[in-house]
Amino acid sequence: MTGPADSTTPPDAASTGNEASFQVARRSEPDRVELVLHGELDINTMPTAQREIEAAQDEGPAVLVLDLAALDFLDSSGVRLVLLAQHHADDTGRHVAVRLGDGHARRLFDTLGVTSRLDVLDVDDGRT
Amino acid sequence: MSALDHPLLSVHNTDRFRHLAVIHRSVDELLDVFAPMLVAATARGDHLRAAVDDPLSRAIRERLGAAARGIVFGEPGRPYSYSGQTTAARRADRLRDLVGGSRGAIVLTDHSILAGHTATQVSASDHRSVVDASSNLALSGLPVTLICAFDIRHATETTEHGLYWNHPELIDGTTIRPNPRYRAPEDVLAATPVPPAPPLGPPIHELPFANGTTALRDIRAWTRHHGQAADLHPARIDGLVMAINELVSNSIEHGGGHGTLSWWTRPGRVVAQIHDPGHMSTTTPGLRRPDPLAPRGRGIWLTRQVSDILHLWTTPKGSYARLEIGA
Chain A
1 MTGPADSTTP
11 PDAASTGNEA
21 SFQVARRSEP
31 DRVELVLHGE
41 LDINTMPTAQ
51 REIEAAQDEG
61 PAVLVLDLAA
71 LDFLDSSGVR
81 LVLLAQHHAD
91 DTGRHVAVRL
101 GDGHARRLFD
111 TLGVTSRLDV
121 LDVDDGRT
Chain B
1 MSALDHPLLS
11 VHNTDRFRHL
21 AVIHRSVDEL
31 LDVFAPMLVA
41 ATARGDHLRA
51 AVDDPLSRAI
61 RERLGAAARG
71 IVFGEPGRPY
81 SYSGQTTAAR
91 RADRLRDLVG
101 GSRGAIVLTD
111 HSILAGHTAT
121 QVSASDHRSV
131 VDASSNLALS
141 GLPVTLICAF
151 DIRHATETTE
161 HGLYWNHPEL
171 IDGTTIRPNP
181 RYRAPEDVLA
191 ATPVPPAPPL
201 GPPIHELPFA
211 NGTTALRDIR
221 AWTRHHGQAA
231 DLHPARIDGL
241 VMAINELVSN
251 SIEHGGGHGT
261 LSWWTRPGRV
271 VAQIHDPGHM
281 STTTPGLRRP
291 DPLAPRGRGI
301 WLTRQVSDIL
311 HLWTTPKGSY
321 ARLEIGA
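Line order of the protein sequences matches chains A and B.
Residue 86 in the numbering used here sits at position 86 of the first sequence, and the numbers go up by one each step.
Residue 294 in the numbering used here sits at position 294 of the second sequence, and the numbers go up by one each step.
Same shape as in the complex, but just chain B (with noise of 0.2 Å):
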């Protein structure tokens, strides 16, 4: 039995996301911390989730036995891509429709899983910080706690940034401890720029679009059609249109006015690219769940629940958004 007495049971608040690191040295020395954890939180009935390389889900399982038959091995936030934005989104959304009741979420994971979809401009770290931080917006007021294993034989000084920067808590050995070197995440976020998607080549179509008293009535009627002739299903080519919509609109009221929409065709898939000379003033693009009585800032995380990646970024040419729906 583990010296920690269970700490998250003892303060575990089923109102309240949780983000901790846990620092180790070994697999054993991280099963001495997560065993008795997930033991709790079974018994306590929350929904578990270990989004972690094979090697450390075997020793899961070798270590809790029976225990582990209640542990759903995945990552919400699955599939992975370049859009460290999009995979905090999936996870806070995939979570949210889980958690409720009584009944919270820990999930633990493992940062090595997410090695070999970062985007080549950006080392993994990078990337990591990046899901971390964002995940720190997206999962806000969730009843989550997510644990994130570092092992600290293989930290650098650009892991560690993304360790002590966006865990608000820390488990070194056996106590659980505040971080003062956590930093807010829009901070974290403006410290690293997002690099741009991957480049697809010439666009199948590009449409400038303008402010005007039709234009997105025209666009709607556009994408609606294009979205048609790319045999998407009726219920994403809805989702599409608002999609489209959304950003176009965004580009009109805060962007400068004017831009161009970008479109390519995949098997299945439809990726478009809205671009705009404005500079994007957020770091956090549709990354909170709105207010609901706010009156604005509710386009982009729209946009989000509709999409399968939904990438944000900005140059001194202005600004980007990349859209992909699949069938």
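Chain A with its partners taken away, still in its complex shape (with noise of 0.2 Å):
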């Protein structure tokens, strides 16, 4: 029986147009922030990935992990972004770790050889 969306509802796509293509869910800890990208990552909603991004940054965390197992499409913006995630880690003394999943994330990062250059976290190490 379903009452009213909950929270494993997916969201209307066709409804609320671009709003639902791209989520970001963030997850704070006191070691860590986790940002848990849905839906589509492309140059067009990378701008919004890119402001939650700084905006985790903001925080100041010592790790910042940056989940892309969940996508539904990425493309090679989406390396972009972890890349410069990265690089702005190394600058600052930080750490950027990343969960890839076994499909399309995994094998876009494998493709171009970045995945051995980057904390690949397993999908379902360190959750609860």
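Treat the hints as calculated values from the structure; they're not laboratory data.
From the three backbone atoms N, C-alpha and C, an ideal C-beta is built for every residue, glycine too.
Hints may contain errors.
Stretch-level coverage of chain A by chain B, calculated; a stretch enters the list once three of its residues show a Cβ under 8 Å from a Cβ in chain B [claimed, not checked]:
{"hint": "1", "region": "37-43"}
{"hint": "2", "region": "66-80"}
{"hint": "3", "region": "102-114"}
Partial selection, computed: residues in chain A whose CB lies under 7 Å from chain B [claimed, not checked]:
{"hint": "4", "residue": "Ser21"}
{"hint": "5", "residue": "Leu83"}
{"hint": "6", "residue": "Leu84"}
Reconstruct the complex from the two isolated chains, following the hints.
Encoded structure:
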């Protein structure tokens, strides 16, 4: 029996337009901030992602985790997003880690030879 | 035994791409150079590929006998097409998959095998030159030695350009020597205009695009729908969507912000073309494997990984990318 939309109901993309096509969920913990990206990441939605990352970086966490495993789509701009965050972390003495999952994101990063250059957490690592 | 005393063996460096031209005046003279190289490479455990025509492949087998069994006759860059960029990129990808550990690769090529695959606006010599220069970019860093045979009896001025511009080392007779007339591949490609892809007649779909909040998402959905309608395999549809997305993104970011996506289908194949009014600033689109840590410069290379043909050219009317993906 379904009642009002619960937290697992995906937003209706057709009715809410672009807002539903890309979302970032933030989880702050004592030692790190984790950003989980949902929907489709491309050059149109990258500015939104970049703003969320900058806001998270402003919190000054020792570790920033970018979770790309739930994305329905990402392209080379997604790789750029992660590398820019990595460079920022290197410049400020902090750490970036990523979750790539086993699907499209992982294949993309592997093809580009980037996976081995990043701290890639297992999809289930660290989750409670 | 050749007086060359295995020159490649003595200086072989498994970390470095080498590109040599062997200038010869007969098949026997060519094999006097090749045969000991191939024997030495076999002993070393390298992969051997010979992209040569039938008469030369027969001559190699006759000269080497049992030693020829380790040679795979075929070109890593096949199937050939009008797109020299694509041939070089595919050659590099296949060789990248092949080499590793202590095993490099030796690839012999006789340029006559490219004949018949040249676009009409381009001479066969220019097409070979484009494949050679593009290979210099695409194979950079791979433990591959590419050896191109040039029969100097049939050389014209333009074949000589291709020979002397694209091969950093030459073997003429019994010596291997650096080539002082070698030109950087970027310069060769800038001097050799890229021919347009062959005309196809009116497209069955023509979709203008411009930047906008949902522009790319809509184009991806459109592409997926039409890729499915063309009966492409699901894995190839994912690649098609990725490719169209990257090319359209490129037009939006670098090509003036708008353009047109044209679409044709052939049995088992989708052909798409992206046009924008911008001028393509590079002569080497997606030929070099991107530096893993560089923030930019990977979209075109990625598109090449998922496509059968990717051909980019620019004219006073703007820039074009022709993409072909098969079932």
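Results for each hint:
| no. | hint | in the structure |
| --- | --- | --- |
| 1 | 37-43 | holds (count 3) |
| 2 | 66-80 | holds (count 6) |
| 3 | 102-114 | holds (count 6) |
| 4 | Ser21 | holds (5 Å) |
| 5 | Leu83 | holds (5 Å) |
| 6 | Leu84 | holds (6 Å) |
Consistency note: the structure conflicts with none of the earlier hints.
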